[in-house]
Amino acid sequence: METAVSVVVDATLITLILALAAFGLAIIYGLVGVINMGHGAFLTLGAYLTWAATTAGVPFVPAVLLAALGVGLVGLALEHLIIRHFYDRPFDTLLLTWAFFLVMTEIIKIVFGTDFRNVASPLAGAIDLGTVKIPIYRATIALVSLALIGGTAFVFYRTTLGIKIRALIQNREVASLLGLDIALMYKLVFGVGACAAGLAGGLISPMLSVDPYIGNVFLVRSFFVVIVGGVGQLLGGTLIGSFFIGGSETLFALFSKQVFAQTVVFLLAIIVLRFRPAGLLRAR
Amino acid sequence: MTELLRTEGLAKRFAGLVANEDIDFRLEAGTIRCVIGPNGAGKTTFISMISGHLSPTEGRIFYKGRDVTPLSVVKRARVGIARKFQTPTVFDNLTAYQNVELAVLGTSCPSHKRRQRIFEVLDLIRLSELWDMPVQFLSHGQRQWLEVGLLIGVEAELLLLDEPTAGMTAEETGSTAKLVQRLARDYRLSVIIIEHDINFIRDLRAPVTVLHLGRVLREGSFDEVAADEQVREVYLGQDAG
Amino acid sequence: MTVDADKRFPAAGRITWRDIGASETGVAVVVLAIFALLPMVVSGYPIYILPQYMLFGMMAMSLGLMWGFVGILSFGQAGFFALGAYTMGLAMHTNWGINPAYVGLLLSLVVGGTLAAVVGYFLFSAGVRATYFVLVTLALSIMVEQVAVSQSEITGGWNGMFIDRMSLTFGPLGDVPLFDDAPAYYAVLPVVALSYVLLRWLVSARFGKILAGIRENEDRMTALGYNISVHKTRAFALSGAIACFAGALYGTHANFVAPSLGGVLFSTEVVVWVAIGGRHSLLGALLGGILVASLSNYLSTVTPEYWQLVLGLIFIAVIVFFKGGVAGAVAQLPRLWRTGRQP
Ligand SMILES: Nc1ncnc2c1ncn2[C@@H]1O[C@H](COP(=O)(O)OP(=O)(O)OP(=O)(O)O)[C@@H](O)[C@H]1O
Ligand SMILES: [Mg+2]
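Chains A, B and C, in that order, give the protein sequences. In this text, residue positions in the first sequence follow our numbering: the first is 273, and each later residue adds one. In this text, residue positions in the second sequence follow our numbering: the first is 13, and each later residue adds one. In this text, residue positions in the third sequence follow our numbering: the first is 25, and each later residue adds one.
These are calculated hints, taken from the structure and not from any lab test. The reader is advised that the hints may include incorrect statements.
Below, computed lysine to aspartate or glutamate pairings styled on DMTMM-like, alpha-carbon distance capped at 20 Å [to be verified]:
#1 B:87 / C:188
#2 C:347 / B:215
#3 B:190 / B:132
#4 B:87 / C:329
#5 B:76 / B:40
#6 B:190 / B:175
#7 B:125 / B:104
#8 A:529 / C:177
#9 C:233 / B:144
#10 B:76 / B:20
#11 B:76 / B:175
#12 B:76 / B:135
#13 C:347 / A:274
#14 C:233 / B:167
#15 C:233 / B:104
#16 B:76 / B:104
#17 B:76 / B:169
#18 C:347 / A:364
#19 C:347 / C:240
#20 A:381 / C:177
#21 B:190 / B:135
Predicted model only: the values in this text are computed from it and were never measured.
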C-alpha cells in the first residue's frame, strides 16, 4: 500500500516535470516542424541564467522569468539567423540545431565554467502525508507545469492569436490567404518554444546540480514524450507522453536501478515509435 | 488469347468517398487498353490497386490466373507488374544510364550483357545520346519516356502508365503512341494506359474503358466509345467544354 | 538489332558511377602509403596514438556508408564502437583454446552486425522516417552508455574496464605480441585500409548502386521490385559490424573503455567528423575522423573551449555552405578550374 501510494505520487510528479521539460520541444517540433536538437541547450541555458541571476541577488521567481526571457531571445536569434532559411529542409534543421547545441554548450562552458552549480530551492521542506513525503518545491513545479500547459491550451483554443496559429499549422496556404504573416508566426512560435524551454530549465535547476550537459538528460526523453504523445498534440499529447515515459520509469525503478529503468523505458518508447509513429493514441 | 489480368468486383472507398466501385476488368496478354474518364473518375485509384499501392476495400485481382490481391508492391513488381506514376518518378540526380541500370539490375541479366541491355532500352526510349545527362535536366517528355524505359528495363510484363503524355509536345505524344504500340507488338508487353489526350487515344487504336464516378461506364473500341451518348455527356462533353 | 553499345559509347557504364568515388583512389593510395611509411620517420607518441584515430576514422566510414550512400543518418555509431570495446574486454577473459583476442574480434562483428540488423529491420520495415531514425540511434547510444554504467559487475560501471593489448597468433607459425607501438600500428593500419577498400568496392558494386537508388528515390525503387527495407538493413548491419569491430580493436589498443565512449557526445562527434570530411566520400570520412580527432586532441590541450566552439561553427558552415564537406569541395576544384578557363 505504501509503495502504491508513493509510486502514484512519484509518477505524477515525474510526469508533470517531464511535461514541463518537454513542452518547449512540443511547441517547436509540433507547430513549426523543426526537430529541435538544441532543446537540451535551451534547458541548460535556462538553468545557468537562473543560477547567474540568483547568484547576483535576484529573487528566484524573477530570476527564472529573466532566464526564460533570455533563452527566448537566444531562440529568436537562432531562428532569425539560421533556422528560418531551412524550414523546407527538416533534416538540415536537425543538424543545425544540433550544431547550435554544440556551440551553445561550449559558450556556456566558457562563460560559466564546468563546475557543478547549485541553485538554492526557494521552497524547502516537504508535505508529510504520513506514508510519503512530497517535497514542496517539486509539488509546486508540478502545479506550475499543469498551469502552464493549461494556460497554453487556453491561448490556443480561446484566443484569436492561438486560433490563427492553429490555422497556420493546419494549412499554410489558407493561412496566407487569411493574410497571416507566416514568417512572423514561425518566428513567434520558435521564440515561445525556446522561452518555454528556458523557463523549464530555470524551474528544474533547484532539483539537480547544474552542469553544462544537464539538458542532455532531458533531450531524448523530451523527444520520446512528444513522439509517444503525438507530434502536434500540444496538450493531451505532452501529458500522455510524459505519463508514459515518467510513469513507466517510476515503475521499472522499483525493480531495478534508476539508470537501467531508463534504458527499458527507451526501449519501450522505440517500440511505440515503430508501431505508432503518430503517437500512442492515433494510428499512423 | 490468354488472359493476363482480371479484376472481380474491385472497389475502393476513402472514408465514405467511393473512388472505385464494382470494377470487373479483363486484359488479354500482349494487348493495350486505354482507361479514360473525367478528373476524379478513379483511374489512378484503379491502377494503384493493380500495382499494390492501394489495397482494395472489396474485390480480387488475378494476374496470370493467380490471386495477387494480398501481394505487396515489391512482390507485384517481381511478378511483372510495373507502374509509371502520374508525376514522373525517376532518379533525378542520376544519369539516364544509371536510371536504366537500376532497373536492369533488378533482373537476372548477367553483368557482361548489362551495358548492351541498357542501351537497347535507351535506344527504344531515344535517350542513348543523352546517356550521361543527369535526368533532372531532361525535358518533361523525356523524363516520362525514361520512366517507361525503367519499366521495360525491369522486364515488366504488365505496364501501368498513368498519363504518360502529360506535358508532351504533339510530336512527342505521337511517338509515344508508336512506342506503346511497339512494346505490345514487338515485345509482347501488355499495357494499361490512362490518358486524357483524345488524339493519342485515337492514334493508339486500342480498346477503351471509360470510368465514371468510380464505375465502368462503357467498354469498346475508340469509335464505339466516342459515339456513345453517355460517354459524350460525362467525358467528352466536359472536356470539349 | 542494336549496334554494339561498347563501340558507340565506350565510356558508358565505366565512368557513370564514378562521382567523387573513383577520383579519390589516387589520393587514397598516397594517404595510405604515407601512413605506412610514417613509423619509419616518426616515433613515440604519434605512433602510439595514430592507430586509435585510424579506428575512429574507420567508425567514421561506417557512418559515411549510411549517411552519404544510403541517405540515413545514425547518431549511434559510437554506441556500436563502445559495444565492440566492451565485447573485446569481456572476450579477453575467455579461455576457449583459441586466442581470446580473435574471439573478441569475431564476436564484435557478430554482436555489432546482429544488433544493427535487428534494430535496422525493426525500424526500416515500418518505414520509420529518417529523422526518427536519428532519434532512435541517439537513444541507442545512450542506452549503451546506461547499460555500461548500470551493469557495473560486468563492465566496471563508471570506473570503466581495463583491456589487455592483444597478440596475433598464427598457429604453428608463432605469436606476434602487439604490446609495442610499432607492431600495433602495423596491425591496425591494414585493417583500416582493408575496410576502406572493401567499402569502396561495395559502394561501386551492385549493392552500392541499389543503395544509391534508395537514397535517390525510395518509391521508384519499391515500384521496381526492390525490397528497400532489406537493403537498408543490410547496409546498417554492415555499418554496425564495422563500427563494432573498430571499437574492439580500439579497446585493446587503448587498454581501456569507459561508458562515455558510447555516449551521445562522442556519437555526434563522429557526425561532425564525417560532415567536415565529406559525407559522400569514404576517404573524406576516414580522413575527417583521423584529422579532426587528432586536431581536437592537440588543440584541447592548447585551447580546450575555443576549439570545440570553432568546431561547432565549422560544422554549421559545412551544413549551410558546403554540403559535401572538404572532399566535396576538393572534388569540385577541377571542375571550377575547367569552367573558369572556358571563354
Ligand atoms: N488517398 C486518398 N484519400 C482520399 N481520397 C482519395 C485518395 N486518392 C484519391 N482520392 C479520391 O478518389 C477519387 C478518385 O481519384 P483518382 O486519383 O483515382 O482520380 P483520377 O481519375 O486519377 O483523376 P485525375 O484525372 O485527376 O488524375 C477522387 O475524388 C479523389 O479525390
Ligand atoms: Mg489520376
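Broken hints, numbered, in rising order?
1, 2, 4, 7, 11, 12, 13, 16 and 20
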